[in-house]
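Engineer: These are the residues of each chain, in order.
Protein chains: 2
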Amino acid sequence: MSGRLIVVGLGPGNPDQVTPEALAAVADAEDFFGYFPYIDRLDLRADQRRHASDNRAELARARAALEMAAKGGKVCVVSGGDPGVFAMAAAVCEAIDEGPAEWRDIEFSVVPGITAMLAVAAKAGAPLGHDFCAISLSNNLKPWDVIEKRLIAAAEAGFVMAFYNPVSKARPHQLGDAFVLLRRHLPGEVPVIFGRAAGRPDEAIRIVPLSQAESGMADMATCVIVGTAETKLIERDGLRPLVYSPRFFKGAGA
Amino acid sequence: MSGRLIVVGLGPGNPDQVTPEALAAVADAEDFFGYFPYIDRLDLRADQRRHASDNRAELARARAALEMAAKGGKVCVVSGGDPGVFAMAAAVCEAIDEGPAEWRDIEFSVVPGITAMLAVAAKAGAPLGHDFCAISLSNNLKPWDVIEKRLIAAAEAGFVMAFYNPVSKARPHQLGDAFVLLRRHLPGEVPVIFGRAAGRPDEAIRIVPLSQAESGMADMATCVIVGTAETKLIERDGLRPLVYSPRFFKGAGA
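Taken in sequence, the protein lines are chains A and B. Residue numbering for the first sequence follows the numbering used here, beginning at 8 and increasing consecutively. Residue numbering for the second sequence follows the numbering used here, beginning at 8 and increasing consecutively.
In short, the hints are calculated from the structure, not lab data. There's no promise every hint is true.
Copies of the same chain look alike in the list, so a pair counts if it works inside one copy or between any two.
Below, computed lysine-lysine pairings styled on DSS-like, alpha-carbon distance capped at 30 Å [claimed, not checked]:
{"id": "1", "residue 1": "239", "residue 2": "78"}
{"id": "2", "residue 1": "239", "residue 2": "156"}
{"id": "3", "residue 1": "81", "residue 2": "130"}
{"id": "4", "residue 1": "257", "residue 2": "176"}
Just chain A, with the same shape it has in the complex (with noise of 0.2 Å):
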């Protein structure tokens, strides 16, 4: 008898930025399994259970999960920002491809939420206006020189990038080494965003010139935005400038 599982994206940490469908999809399961923060977050029922576990353990919560919809569970797995986007939907799917065969008969969704690029590009003007790309710059998954050859080629390509998990405790040096490599390949004066919290009390929202960007700039919850050389920034008295990407990029209409 096989049960279902939904893999829901909260959005950012702003309860005004879940979707309707996020909160029916909470409402309708039984069992939660996520990381403790974003549990925590849930408005549950009494009758609704919660397995909350550490932020390392994704594989492991994605086959416990798994194992309660094989046996009839309605169980939602719960992700902060898009479940799709350096989260909980790719472990789970790990799971399903590497576990037992009735696994693949469970009914499985993704219900989408807004990533944080997404809200920290909003807080700046719009950033991500141009051609982007999204790189975790976490070490735990791929190796180093696979992430630096994609920050060279990002940047010789000219797509804007937004960081996930620029930093951590155990490793604190990757976004400082990022910046010193992306200062070979782009002008110095390409806007750097830190955006802290978008959207929640504590948001925190910083711009820097690349020349002046340092890794103790982030923390783990911050998502790092880097500009083109076509990337503006329009300077405002008494607001924050606004930065973004032109939609039009030199040579177009040929």
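Assemble the complex: chain A is given as a structure, and chain B must be docked to it using the hints.
Structural biologist: Okay, now just chain B, sitting in the frame of chain A:
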């Protein structure tokens, strides 16, 4: 007397994917500017005014909205998806940058939304589960050789790609040309997802290997996601296969 201008993302078209923040912004504005199908989605009061315009008129629309806000209006510019991703936020910033100095005093904000690639990815599994990029295939705004350079860079560096504006009546060939190019840089079995109207009643999701991907499988309302050599397909009896890009890249943890 400066008013205010808010750019609001309405998501991919499913009302359950519109955030409370977006609804509150709509309720609080008096004049609405946007491409007419997005304006048509709004449930406005008798005292709220519609200023719908055509698809290609982004900059003129942005200027008209700013002019009204500069006169004290409470103006809302609506976008489908997220306004910061190939949509109106960049057009408004561009108009502010090039417009009269007083436009910089307008209270300006952006409300993020679920962008198409997140909605399509959710329907397919987790194809954006690893590093990815978003590319507009329209050469109205950038030369085709820049697009080709970015496609090759993204394929070679191992980014999953999401294509916005994949085809239009005026540009029927770009997507097919992109597939021909990508087949030289990626294995033929790489999964390609054609996601049309994700989350709406007329939703259509189709998954084919890159070797069989054709331009005719997409229209203007389609978001196309191209995997990498690492992206995997999970076959399921009687169900659409799941597509995911593993979080782990070989050689990690070194």
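Engineer: Now tell me, hint by hint, if it's right for this structure.
Structural biologist: Status of the hints after comparison with the structure:
1. Taking the shortest Cα distances, residue 239 and residue 78 sit within 30 Å of each other only across copies (26 Å), while inside one copy they are farther apart (54 Å).
2. In this homomeric assembly, residue 239 and residue 156 come within 30 Å of each other (Cα to Cα) both inside a single copy, at 25 Å, and across copies, at 22 Å.
3. Proximity of residue 81 to residue 130 under the C-alpha cut-off of 30 Å is restricted to the inter-copy arrangement: shortest distance 19 Å between copies versus 36 Å within a copy.
4. In this assembly of identical chains, the alpha carbons of residue 257 and residue 176 lie at most 30 Å apart only when taken from different copies (23 Å versus 42 Å within one copy).
When held up to the earlier numbered hints, the structure conflicts with none and fits them all.
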